[in-house]
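Participant: As you go down the protein sequences, you meet chains A and B in turn. Under this note's numbering, think of the first position of the first sequence as 1, with each following residue one higher. Under this note's numbering, think of the first position of the second sequence as 1, with each following residue one higher.
Calculated from the structure, these hints are not laboratory results. Just to be clear, a hint being listed does not mean it is correct.
Heads up, simulated BS3-like pairs for lysine-lysine below, C-alpha to C-alpha not over 27 Å straight-line [what the hints assert, rightly or not]:
1) Lys343(B) - Lys49(A)
2) Lys138(B) - Lys9(B)
3) Lys363(B) - Lys141(B)
4) Lys374(B) - Lys34(A)
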Amino acid sequence: MKNEFKIIVNLLPAQSRVLDVGCGDGTLIEALIKQKDIDSRGIELEENKVKQCISKGLSVIQGNAETELGQFPNKAFDFVILSQTLQAFYQPENVLNELLRIGKKVIISIPNFGYWQVRASLLFFGKMPVTKFLPDSWYNTPNLHMCSIKDFYQFCYKKKIRMDRIIGINNEKTSSINRVNLEMKNLLSEVGIFLIS
Amino acid sequence: MNYKIENIKQITVTKPLKLDCGQTIKDFPIAYETYGQLNEKKNNAILVFHALSGDQFVAGTNPVTNKDGWWNTAVGQGKAVDTKKYFIICANVLGGCMGSFGPKNLDSANGEPYGLKFPVITIRDMIRAQESLLEHFKIKKLLSVLGGSMGGMQLLQFCALYPDKTFSAVPIASTASHNAQQIALNELARQAIMSDPLWNKGNYYKDKKNPKNGLAVARMAAHITYMSDKGLQERFGRKLQEKKDYEFTFDADFQIESYLRHQGNVFVDRFDANSYLYISRAMDYFDLSKQFENGLVGAFQNHKTKFLIISFSSDWLYPTKNSKDIVIALNASGANVAFAEIKTDKGHDSFLVNEPEFLETLKGFLDSNFEIFKNEK
Numbered sequence: 001m002k003n004e005f006k007i008i009v010n011l012l013p014a015q016s017r018v019l020d021v022g023c024g025d026g027t028l029i030e031a032l033i034k035q036k037d038i039d040s041r042g043i044e045l046e047e048n049k050v051k052q053c054i055s056k057g058l059s060v061i062q063g064n065a066e067t068e069l070g071q072f073p074n075k076a077f078d079f080v081i082l083s084q085t086l087q088a089f090y091q092p093e094n095v096l097n098e099l100l101r102i103g104k105k106v107i108i109s110i111p112n113f114g115y116w117q118v119r120a121s122l123l124f125f126g127k128m129p130v131t132k133f134l135p136d137s138w139y140n141t142p143n144l145h146m147c148s149i150k151d152f153y154q155f156c157y158k159k160k161i162r163m164d165r166i167i168g169i170n171n172e173k174t175s176s177i178n179r180v181n182l183e184m185k186n187l188l189s190e191v192g193i194f195l196i197s
Numbered sequence: 001m002n003y004k005i006e007n008i009k010q011i012t013v014t015k016p017l018k019l020d021c022g023q024t025i026k027d028f029p030i031a032y033e034t035y036g037q038l039n040e041k042k043n044n045a046i047l048v049f050h051a052l053s054g055d056q057f058v059a060g061t062n063p064v065t066n067k068d069g070w071w072n073t074a075v076g077q078g079k080a081v082d083t084k085k086y087f088i089i090c091a092n093v094l095g096g097c098m099g100s101f102g103p104k105n106l107d108s109a110n111g112e113p114y115g116l117k118f119p120v121i122t123i124r125d126m127i128r129a130q131e132s133l134l135e136h137f138k139i140k141k142l143l144s145v146l147g148g149s150m151g152g153m154q155l156l157q158f159c160a161l162y163p164d165k166t167f168s169a170v171p172i173a174s175t176a177s178h179n180a181q182q183i184a185l186n187e188l189a190r191q192a193i194m195s196d197p198l199w200n201k202g203n204y205y206k207d208k209k210n211p212k213n214g215l216a217v218a219r220m221a222a223h224i225t226y227m228s229d230k231g232l233q234e235r236f237g238r239k240l241q242e243k244k245d246y247e248f249t250f251d252a253d254f255q256i257e258s259y260l261r262h263q264g265n266v267f268v269d270r271f272d273a274n275s276y277l278y279i280s281r282a283m284d285y286f287d288l289s290k291q292f293e294n295g296l297v298g299a300f301q302n303h304k305t306k307f308l309i310i311s312f313s314s315d316w317l318y319p320t321k322n323s324k325d326i327v328i329a330l331n332a333s334g335a336n337v338a339f340a341e342i343k344t345d346k347g348h349d350s351f352l353v354n355e356p357e358f359l360e361t362l363k364g365f366l367d368s369n370f371e372i373f374k375n376e377k
């Protein structure tokens, strides 16, 4: 299981209610159930991945998070997780508002466009970056709204969204991010994880 | 529809059952069939609900028609619903014609078949009548309930009435209430039956002159709704039936005509026209949301049942939207729900034919939930 998922599993209290938006093949949900007895649900767009989830006994619905989160009541979940997909929505701000409506707290991870390798790619080579967390080329990437950790930090600040915790990941190393070290961590983190409410 | 009674297993429901129409029935038969073995802990039982034209003979060979059971693609040894592992029960619905209490049964008051004197029944009546089977087998909690089409309606009604009697539930290509188009199609079928002069207001049992033509037309019309445009076109297209050119008559020139006529003809040998009226009526009356103050959300409030809703992309009779409405209500009530739309050209009938994506999903769900259910106790 990837480092990001391990961090998310650690962040969540046992026996809580969780929705994993864009849950893929259900790796994270499975870990949450096994390790923390968490009542976990998922929503996933791809039929094949939904089938894999169902075969593992996971409660995953096939659907589009952009348009179908409306079916969940307010604060239906203790936590809603969105792992590295916010940038792929047409209207990320609307999706984020929905996540905050249906979840008491939201965990969002973003591939950091402020990471030094990404900056270097544009600066030195004049090319759109292709990295471990941004593996696609400009013409076939599903990502529409890339942002950096700093961008998302400032967005939350502006929208008065409370940031309970921010964690940066660089390879296997993780570190806490705050107002003071934001500039540095924005340069050195491949992925940022935000716990917001 | 003439069968040897020794091929039919029955229980007699002695408890009086107050029907939705107000009448009370008691001491009536419910016919059923089982497959596989009930294990010692009685935690491997699956109750299957059949569709409008189905019966209790799910798998193997139907002893009455000598044809494959209607769900032979899914149920059997080593199949998606594995009879080596699970104990499958299926009852003929109340109002049916395969041994359960229906319009062709004799009225003890006068020794004559009920015909239209048979009370109009609902999906809820069907479920209340079948519940006695669980007592019969002394099963406290089923591993799962399965049903496609009208079977799915029965399933939803079962879950709403008896939330603690099943661990999981899989409604397939179904709906929580019949919409205008679905009612219209059933009305078309009923009018076809009732306009056959032999129908004779439901009194045709004595002379054994069944309204075969009317019932066959009803079946033909229904059959079209079970297939998709693309599925029909690929299978039949404009192909001619064993001829090189048009014959300039009204015989079956096209293969599709011949196919529909065949489907109509084989159906009348095994189905009672009055049963078709009664069962299709029950489907039209079905609206689960009406039974609860809170609508459909109220039907599943505080339920622990694990649902898997399945729809098929090319099903226009019970389209994905019908299934999604169920998913939305389940999510709104906080129930435990999975949902998959299977991409296929095979239309509504996808759940009855060999559709690997569907069968694999069903198998995965049942097997993984059996593991969870076994360890729960």
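Participant: Could you tell me which of the hints above the structure violates, numbers in ascending order?
Facilitator: none
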